[in-house]
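Please build the complete structure, drawing on both the sequences and the hints.
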Amino acid sequence: MLQKTSAPHVSAPGGISRVMLWVAAALVPGVLGQLWWFGPGVLIQLAWCVLIALAAEALALRLRGQPVEVGLGDCSVLICALLLGLTLPGHAPWYVGLTATLSAVLLGKHVYGGLGHNPFNPAMIGYVVALIGFPIEMTRWTHPDAAVPLAEVWAAFSGALLPDQWTAATALEVFKLERGGMYEAEFKASRDIFGLFGGRGVEWVNALFLAGGLLLLLRGIITWHGPLGLLGALGLCALIGWDGGSSEGHGSALLHWFSGATMLGAWFILTDPVSTSATPWGRFVCGALAGVVTYCIRVWGTYPDAIAFGVLLSNFAAPLIDYYLRPRVYGHGRGAGRADE
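Okay, so the sequence shown: first residue is 7 according to the numbering used here, each after it adds one.
What follows is a list of derived Cβ distance ranges for each label pair: (1) G122 - E192: 46 to 54 Å; (2) R197 - Y118: 41 to 49 Å; (3) D151 - S252: 25 to 33 Å; (4) P46 - A191: 30 to 38 Å; (5) Y118 - L242: 29 to 37 Å; (6) S252 - W100: 40 to 48 Å; (7) G139 - P46: 19 to 27 Å; (8) A191 - C302: 22 to 30 Å.
No wet-lab data here; the hints were simulated from the structure.
All C-beta atoms in this analysis are idealised placements derived from N, C-alpha and C, irrespective of residue type, glycine included.
Structure representation (structure tokens):
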């Protein structure tokens, strides 16, 4: 029987599911890092998001008349759920993950026609919905290395407030709001939320996501253009605004690279082949745009981390970027084609 499936139609051995499983494998080091530094709440959020995502995907496919087994078998919704779960606080209540995951799968993906048709990264759609809808719950981050009892973790997931003795602002929040005119090195030495070159604990999680991203790069699953564009633009902006670590500076490049969700965003979220640019240099420009937006919001905006907004804005601009950076057609000038449209 002929089965209809959505794009992209990958002809490589294993197809889409093989690529997605490689992405899942590359996420494992970062997941283990988060588990080590921030406790079992990370696994609870991941399991909850995956469960809701699979159920929502099956329901959407059935309502659209698509084969459920084929749709679930490509594992794309698994990656969406994993990326979303990794961006949520480990001690966020159950309804945050539920709302975010349903928004990602239904609004971010199936409203536009399913896999291969979504103009925006579904996981980031879900994250932004949660960030806007539950601003207090989305700040329930624990102090790195805090030994939160499992009973408290489960209570927080059920909706109870986590005691203040285990909660902490993120390194980016502390740097932005509490520095009080101190020099960067002096301030970071006075707060245990900072590590050697980024947020304490988070710096190593970012390093592990960087390692996972390099694995995908070596396997040929992603290209270097998007990550280099984002990290390069973010680093350049940080270098311009650093001012040698003075009291007026906005943080070093290392602080911005290895705090927040920078490496997860650069190597796993921005590189979504559906929602980013279709051309190599277009992907570089999309990454650079995401990096600049991330820096501007981190420094002058309301939110301490802004990878999601940077990625979504680059997704929005991708069609325009592709229009001006399309490859030259053989036998024609670079401007050929647009004049005929």
